[in-house]
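S.K.: This is what each chain is made of:
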Amino acid sequence: MSLGEITRVSLAKDLRLEWRSKDAINSMLFFALLVVVIFSFSFDPTAEESRHIAGGIVWVAFLFAAVVALNQTWARELRNQVLDAYRVSPAPANALFISKAVGNFIFVAVLEALMAPLFMVFYNLRSIGPAYQLVVVAVLATWALVANGTFFAAMSIRTRSREVMLPLILFPISIPALLAMVSATTAILTGEGAYRFWVVLLVVYDVVFTTVCLLLFETVLHAE
Amino acid sequence: MSFSSAAANSPTTNSSQPTSAAVTLSHVSKIFGRFAALRDVSAEFAAGKLHAILGDNGAGKTTLLRAMVGLSQPTRGTISLLGNADLRAATAEIGYMAHPTLLYEEMSGMENLRYFAALYGIRDHQPCERAISAVGLDPALTRRVGQYSQGMRQRLSLARALVHDPKILFLDEPFSNVDVVSAREMVHVLAQMRDLGKTIFIVTHQAALLEGVADEFVCMAAGQISARARELPSSLERGAPPARTTL
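Residue numbers (this note's numbering), protein chains in the order written: chain A, 124 to 347; chain B, 5 to 251.
Keep in mind that the hints were calculated from the coordinates and are not lab data. Cβ atoms here follow ideal geometry from the backbone N, Cα and C, with glycine treated the same way. A couple of the hints might just be wrong.
Said to hold, decoys possible - Footprint (simulated), chain A over chain B, 3 or more residues, beta carbon under 8 Å: (1) 74 to 82; (2) 99 to 113; (3) 211 to 222.
Claimed, not checked - Have a look at the derived ranges for each label pair, beta carbon to beta carbon: (4) B:Q151 with A:V287: 30 to 38 Å; (5) A:I298 with B:G87: 30 to 38 Å; (6) A:V160 with B:T82: 19 to 27 Å; (7) B:S46 with A:S144: 27 to 35 Å; (8) A:F294 with B:Q151: 33 to 41 Å; (9) A:N149 with B:E48: 33 to 41 Å; (10) A:E347 with B:A212: 27 to 35 Å; (11) A:R285 with B:R188: 37 to 45 Å; (12) B:S137 with A:P295: 35 to 43 Å; (13) B:G37 with A:Q204: 15 to 23 Å; (14) A:R202 with B:R188: 49 to 57 Å.
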């Protein structure tokens, strides 16, 4: 079976498991919802102020919420040590990585789609720049979060306190991407700033880190 | 793969089976920190035989099995499967059943098998149905594995290890938490498979179940193979622990 075919069946399996358990989606939704509500009570900004701070609030909320999904991804494979069944099979390691990353991308994208209208309502957001560009930023930024996150979550699964370990490793390495996604979002919402530069930075970040993750994942998977 | 042939509970060796080494261990050691789980183990295990690996808790049985399937890298020494020292290259030829079930509890038995079969390039339903029937489960059962009894999970776990028709089977405590009748049925299936030419390694504390079926009893103590015998050692017949032997 090809890499693509095994990726497809692994992704289908992950989506089926999530559909049945709803572990990741439910936790992410509640977490992100809490962040939106708490920040809106804390700041009570005007529409103009919102445009300047919303980028940061939105992406920090999604980053923290994504960590919940990323931890769930591998926790599922550790129950009953199912990961060992994959490790002793001839299936390519990268098929597992890609399926997990794409699965997480879908979960976080669903979260973003559900939370975006709430952000607009709570923060009275209206974009001055072309709003469709937010979709481009969302796709690139979400991939930046989940590609790295999936990889580092796999690295931390054998550590004793993996739920703490993941953010400790992931957040520092996500700073360039976080800076780019927040700045690009703010540039679009306010109609000011170098949107194009931040998008290019996100593209470069995605390409570099996805390549590195693909090159190293087999070593991580088969590490003891 | 056919598991429906005549009963094969008859003792031991089928002389028509090949006798070349299926697994070769050469000075294998596995050290965790300051603890040596395996100590300079060298052995050859013939193909087409059923090898029962016995020993106390902590004797190194599971570590040996995990090293043989490639899940644990030996600190020293080499392991060859079917003459191939690159264990990753031999993965399609091995089936592994661990002490945990290695199954997704939110999926049905058939869904689990179809997923694991796909990892070996099997798209057909038939091998999955055959494997699940061979262990005495119903392929049409839609219940999720999380709702299975412990015995059913063990059977399904065995089916998962069999689904791609491997040449060598490594089974870690396959009879634990299984009632005696079900365990004997599992032994029956395994004996059939051995008679069809498969090499089987079984780590177990229930050695008596394999009496008259296993071709060889391999006793382990303190990370070493302390004895190899064609008959169940008398010290183990009533479930007594094996004598510790220093090599």
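S.K.: Is it true that E347 of chain A and A212 of chain B lie within 27 to 35 Å of each other by Cβ?
M.R.: The hinted range 27 to 35 Å holds for E347 of chain A and A212 of chain B, with Cβ atoms some 34 Å apart.
S.K.: Count residues of the stretch 211 to 222 of chain B with a Cβ under 8 Å from any Cβ of chain A, then say if the count reaches three.
M.R.: violated (count 0)
S.K.: Please verify the coverage claim for the stretch 99 to 113 of chain B: does it have three or more residues whose C-beta sits within 8 Å of some C-beta in chain A?
M.R.: holds (count 10)
S.K.: When you take the CB atoms of S46 of chain B and S144 of chain A, is the distance between them in 27 to 35 Å?
M.R.: With a Cβ separation near 46 Å, S46 of chain B and S144 of chain A fall outside 27 to 35 Å, so the hint is violated.
S.K.: If you count the residues of the stretch 74 to 82 of chain B with a beta-carbon closer than 8 Å to a beta-carbon of chain A, do you get 3 or more?
M.R.: Contact hint for the stretch 74 to 82 of chain B vs chain A: holds, 4 residues under 8 Å.
S.K.: If you check the beta carbons of V160 of chain A and T82 of chain B, does the distance land in 19 to 27 Å?
M.R.: violated (60 Å)
S.K.: Regarding S137 of chain B and P295 of chain A, is the given constraint of 35 to 43 Å on their beta-carbon distance met?
M.R.: violated (53 Å)
S.K.: May I ask you to test the hint 15 to 23 Å on the CB atoms belonging to G37 of chain B and Q204 of chain A?
M.R.: holds (21 Å)
S.K.: Given the range 37 to 45 Å, decide if the beta-carbon distance of R285 of chain A to R188 of chain B lies inside it.
M.R.: The hinted range 37 to 45 Å holds for R285 of chain A and R188 of chain B, with Cβ atoms some 41 Å apart.
S.K.: I want to verify a distance hint. Is the separation of the beta carbons of F294 of chain A and Q151 of chain B within 33 to 41 Å?
M.R.: Taking Cβ atoms as reference, F294 of chain A and Q151 of chain B lie about 39 Å apart, which means the hint holds.
S.K.: Has the hinted range 30 to 38 Å been met by the Cβ atoms of I298 of chain A and G87 of chain B?
M.R.: violated (51 Å)
S.K.: Go ahead and decide if the range 49 to 57 Å is satisfied by the Cβ distance of R202 of chain A to R188 of chain B.
M.R.: Given range 49 to 57 Å: violated, Cβ gap about 30 Å.
Comparing the model with each earlier hint shows violations of hints 3, 5, 6, 7, 9, 12 and 14; every other hint is respected.
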